[in-house]
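Student: Add chain B to chain A, keeping to what the hints say.
2 protein chains.
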Amino acid sequence: MAKTFVDISMSLDGFITGPNPSPEEGLGEGGERLHEWVVRLASWRERHGYEGGETGPDSDLFDEAFERIGAHVMGRRMFDDGEGPWGDEPPFHNPVFVVTHNPRETLVKEGGTTFTFVTEGVESAVEQAKQAAGEKDVSIAGGANVIQQALNAGLVDEMQIHLVPILLGDGIRLLDDLDAERIELEKTNVADSTGVTHLRFAVRR
Amino acid sequence: MAKTFVDISMSLDGFITGPNPSPEEGLGEGGERLHEWVVRLASWRERHGYEGGETGPDSDLFDEAFERIGAHVMGRRMFDDGEGPWGDEPPFHNPVFVVTHNPRETLVKEGGTTFTFVTEGVESAVEQAKQAAGEKDVSIAGGANVIQQALNAGLVDEMQIHLVPILLGDGIRLLDDLDAERIELEKTNVADSTGVTHLRFAVRR
Chain A
-8 MAKTFVDISM SLDGFITGPN PSPEEGLGEG GERLHEWVVR LASWRERHGY EGGETGPDSD
52 LFDEAFERIG AHVMGRRMFD DGEGPWGDEP PFHNPVFVVT HNPRETLVKE GGTTFTFVTE
112 GVESAVEQAK QAAGEKDVSI AGGANVIQQA LNAGLVDEMQ IHLVPILLGD GIRLLDDLDA
172 ERIELEKTNV ADSTGVTHLR FAVRR
Chain B
-8 MAKTFVDISM SLDGFITGPN PSPEEGLGEG GERLHEWVVR LASWRERHGY EGGETGPDSD
52 LFDEAFERIG AHVMGRRMFD DGEGPWGDEP PFHNPVFVVT HNPRETLVKE GGTTFTFVTE
112 GVESAVEQAK QAAGEKDVSI AGGANVIQQA LNAGLVDEMQ IHLVPILLGD GIRLLDDLDA
172 ERIELEKTNV ADSTGVTHLR FAVRR
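As you go down the protein sequences, you meet chains A and B in turn.
So for the first sequence, my numbering puts the first residue at -8; every next one is plus one.
So for the second sequence, my numbering puts the first residue at -8; every next one is plus one.
Think of the hints as simulated: they come from the structure by calculation, not from any bench.
It is possible that part of the hints are untrue.
If chains are identical, the list can't say which one is meant, so a pair holds when it fits in one copy or spans any two.
[Said to hold, decoys possible] Below, computed lysine to aspartate or glutamate pairings styled on DMTMM-like, alpha-carbon distance capped at 25 Å:
1) K178 - E20
2) K127 - E37
3) K178 - E45
4) K100 - E126
5) K178 - D51
6) K(-6) - D161
7) K127 - E80
Just chain A, same shape as in the assembly:
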């Protein structure tokens, strides 16, 4: 049975996007610093068509998180912001289920990525993604709003936060608007490396 997981980089002050996002700075001012640790990895570069990069535990961890994915769930805004930049071959290579209010025909891209638009809410999107994932797992890719909805609805099994030792000061917080009393975390692993601390949790309702 497919597990659902969140895997995301967060600043020490809790932001996954910095202040004032714009077409030039999609992650807001300073937000690119959240991903500096990942874009230099050999495994990330390979997936995105580049050569070289760092090998080691961080790169293995990225590979492992990627390999387990059989389908993605994402929010409408993340899709809207990404559709242009991702181009003809988006970096997902798996079915993606987009939670939206606007019905739209399924979009088939190169490299195995399809975008299916789900208007019945996050629970339905997760259910469809689990079906599509088969033996593999479902990544709740973001943004913050869809992740929060999924956490509040008890739809998340695991969460891995890559804690980046920076302050962004403002922007979009990952862990906001949560029904905290109903969400129990069990810390299952902590792995520290130069630029980031990887915190892994099992999530219980």
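Tutor: Relative to the frame of chain A, chain B by itself:
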């Protein structure tokens, strides 16, 4: 020269106090869970007049943080909330400088704790605490507002956050209202234990 440091327990969603603090629940609903890891330690229990408790790395770390303190800086609200519960022998055993708008005579308590009320702002309180600390260091004890003021004014040298794997959902966030562009963190140590992950940073302006 005395260093200044912050040493505080924070939930994964960034809170150091939960929602709706009251006389019965000074740390808000669920807030006591932030300190479960510390109140069971032998070193904490000894300082607070109890026997027994856990020994080991967490207990050593608490001892180390306590031993280095020569003086404290705290905010007016933390003092007001604590004055009653702390009783005749507060657990500081060092000079405490309280940032406040209300002048008041210095209060001398048993066991080496004095409370000096500083009306000239956090910078003056830190300066006076450094003088009082001598060869030892200054703890910026809290609350969040005084810590934020000290971070924004470039008055903090080190920060140790004890990250507790719980969600509080609401309350008072530690890392809010910060002039993030002017504060640079360098992660200097990460130590994981059962109930908590200790994250240590050097703070640069």
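Student: Each hint should be assessed against the structure and marked as holding or not.
Tutor: Hints and how they fare:
no.: 1; hint: K178 - E20; result: between (31 Å within a copy, 21 Å between copies)
no.: 2; hint: K127 - E37; result: within (21 Å within a copy, 51 Å between copies)
no.: 3; hint: K178 - E45; result: between (27 Å within a copy, 20 Å between copies)
no.: 4; hint: K100 - E126; result: within (23 Å within a copy, 65 Å between copies)
no.: 5; hint: K178 - D51; result: both (20 Å within a copy, 22 Å between copies)
no.: 6; hint: K(-6) - D161; result: neither (32 Å within a copy, 28 Å between copies)
no.: 7; hint: K127 - E80; result: within (21 Å within a copy, 59 Å between copies)
Against the hints set out earlier in the document, a violation occurs for number 6 only.
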